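*Asks:* Letter by letter, the chains look like this.
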Amino acid sequence: DAKTTQPPSMDCAEGRAANLPCNHSTISGNEYVYWYRQIHSQGPQYIIHGLKNNETNEMASLIITEDRKSSTLILPHATLRDTAVYYCIVRVALRGAQKLVFGQGTRLTINP
Amino acid sequence: DTAVSQTPKYLVTQMGNDKSIKCEQNLGHDTMYWYKQDSKKFLKIMFSYNNKELIINETVPNRFSPKSPDKAHLNLHINSLELGDSAVYFCASSRRDRQGDTQYFGPGTRLTVL
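Those protein sequences? They're chains B and H, same order as listed.
Under my numbering, the first residue of the first sequence carries the number 13, and numbering increases by one thereafter.
Under my numbering, the first residue of the second sequence carries the number 955, and numbering increases by one thereafter.
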């Protein structure tokens, strides 16, 4: 049911920017793009979300293409603690409750 | 300061038993969820409750019965446990705002059925 495509794994050097791509070519006009991550079997952690405009918070930046068919999550200065599985999710609204459909995500490994 | 808490963290039990997992959130949210993460690490929604009303039920066997005594709690009761029920179960909560719902997850309950 996942409506997104992500690379299964990526590596990034500590201190560098980690850029995680996501393809969501069938996204509808009113659907948001959400990013969550899961660190070693902990509960998923919300990172950021956006609709059309680029977004930034204390954790990351989200760049959404103008046609909204893809996006990139940027961790500006990756640390070892950012090693996790990152999920890009297109929100599916259902009768007032949000149904998050998780795909396989991208396993990001930050190397020292 | 725990936002979404679950008990127990680990649960080991025999096939055929009945067990419950409890979830509590202190975020003031009005929507709560149960997700299941299987051995292949796929996370799938099971149920969602909004203001104690069942909103989402994702073709989960009726051996699974969620119960929401109030907005801050959503418990999961499982009857006649089977081997395939072994998984990590995550509770989550959210509050709808102008930009949608951001879900906050608990630490998970690892259920092992022997």
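No lab work stands behind these hints, which were simulated from the structure alone.
A couple of the hints might just be wrong.
[Unchecked claim] When the alpha-carbon atoms are kept at most 20 Å apart in a straight line, the in silico EDC-like pairs for lysine to aspartate or glutamate are as follows:
{"hint": "1", "chain 1": "H", "residue 1": "K998", "chain 2": "H", "residue 2": "E1012"}
{"hint": "2", "chain 1": "B", "residue 1": "K111", "chain 2": "B", "residue 2": "D94"}
{"hint": "3", "chain 1": "H", "residue 1": "K973", "chain 2": "H", "residue 2": "E1036"}
{"hint": "4", "chain 1": "H", "residue 1": "K994", "chain 2": "H", "residue 2": "E978"}
{"hint": "5", "chain 1": "B", "residue 1": "K111", "chain 2": "H", "residue 2": "D984"}
{"hint": "6", "chain 1": "H", "residue 1": "K990", "chain 2": "H", "residue 2": "D1039"}
{"hint": "7", "chain 1": "H", "residue 1": "K995", "chain 2": "H", "residue 2": "D1024"}
{"hint": "8", "chain 1": "B", "residue 1": "K81", "chain 2": "B", "residue 2": "D94"}
{"hint": "9", "chain 1": "H", "residue 1": "K963", "chain 2": "H", "residue 2": "D984"}
{"hint": "10", "chain 1": "B", "residue 1": "K64", "chain 2": "B", "residue 2": "D79"}
{"hint": "11", "chain 1": "B", "residue 1": "K111", "chain 2": "H", "residue 2": "E1007"}
{"hint": "12", "chain 1": "H", "residue 1": "K973", "chain 2": "H", "residue 2": "D992"}
{"hint": "13", "chain 1": "B", "residue 1": "K111", "chain 2": "H", "residue 2": "E1036"}
{"hint": "14", "chain 1": "H", "residue 1": "K994", "chain 2": "H", "residue 2": "E1007"}
{"hint": "15", "chain 1": "H", "residue 1": "K1006", "chain 2": "H", "residue 2": "D1024"}
{"hint": "16", "chain 1": "B", "residue 1": "K111", "chain 2": "H", "residue 2": "D972"}
{"hint": "17", "chain 1": "H", "residue 1": "K995", "chain 2": "B", "residue 2": "E43"}
{"hint": "18", "chain 1": "B", "residue 1": "K15", "chain 2": "H", "residue 2": "E1012"}
Values in this document were obtained by computation on a predicted structure and should not be read as measured data.
*Asks:* Now, for every hint given, state plainly whether the structure supports it.
*Replies:* Going down the list of hints, with the structure as the test:
Straight-line distance between C-alpha atoms of H:K998 and H:E1012 comes to about 9 Å, which keeps the hinted pair within the 20 Å bound. Distance check on the hinted pair: B:K111 and B:D94 sit about 25 Å apart at the alpha-carbon level, beyond 20 Å; violated. Distance check on the hinted pair: H:K973 and H:E1036 sit about 11 Å apart at the alpha-carbon level, within 20 Å; holds. Among the hinted pairs, H:K994 with H:E978 is inconsistent with the structure: their alpha-carbon atoms are about 27 Å apart, more than 20 Å.
Proposed proximity of B:K111 and H:D984 is supported: the alpha carbons are some 15 Å apart, at most 20 Å. Between H:K990 and H:D1039 the alpha-carbon distance is near 9 Å, which keeps this suggested pair within the 20 Å criterion. A C-alpha spacing of about 30 Å is found between H:K995 and H:D1024, which places the hinted pair above 20 Å, so the restraint is violated. A distance of roughly 26 Å separates the Cα atoms of B:K81 and B:D94; the hinted pair therefore is violated under the 20 Å criterion.
Distance restraint check for H:K963 and H:D984: the Cα-Cα separation of roughly 23 Å exceeds the 20 Å cut-off, and the hinted pair is therefore not satisfied. Restraint check: the Cα-Cα separation between B:K64 and B:D79 comes to about 9 Å, which is no more than 20 Å; the hinted pair holds. Under the criterion of a C-alpha separation no larger than 20 Å, the hint pairing B:K111 with H:E1007 is consistent with the structure, at around 15 Å. A hinted pair counts as satisfied when its Cα atoms are at most 20 Å apart, and H:K973 with H:D992 qualifies at roughly 18 Å.
Of the supplied pair hints, the one linking B:K111 and H:E1036 is violated, its CA atoms being roughly 26 Å apart against a limit of 20 Å. For the hint linking H:K994 to H:E1007, the alpha-carbon distance of about 31 Å lies beyond 20 Å, and the restraint is violated. Taken as a hint, the H:K1006 and H:D1024 pair is honoured in the structure, with Cα atoms around 6 Å apart against an allowance of 20 Å. Taken as a hint, the B:K111 and H:D972 pair is broken in the structure, with Cα atoms around 27 Å apart against an allowance of 20 Å.
For the suggested pair H:K995 and B:E43, the alpha carbons sit about 25 Å apart, so the restraint of at most 20 Å is broken. Our distance criterion of 20 Å between C-alpha atoms is met by B:K15 and H:E1012, whose separation comes to about 17 Å.
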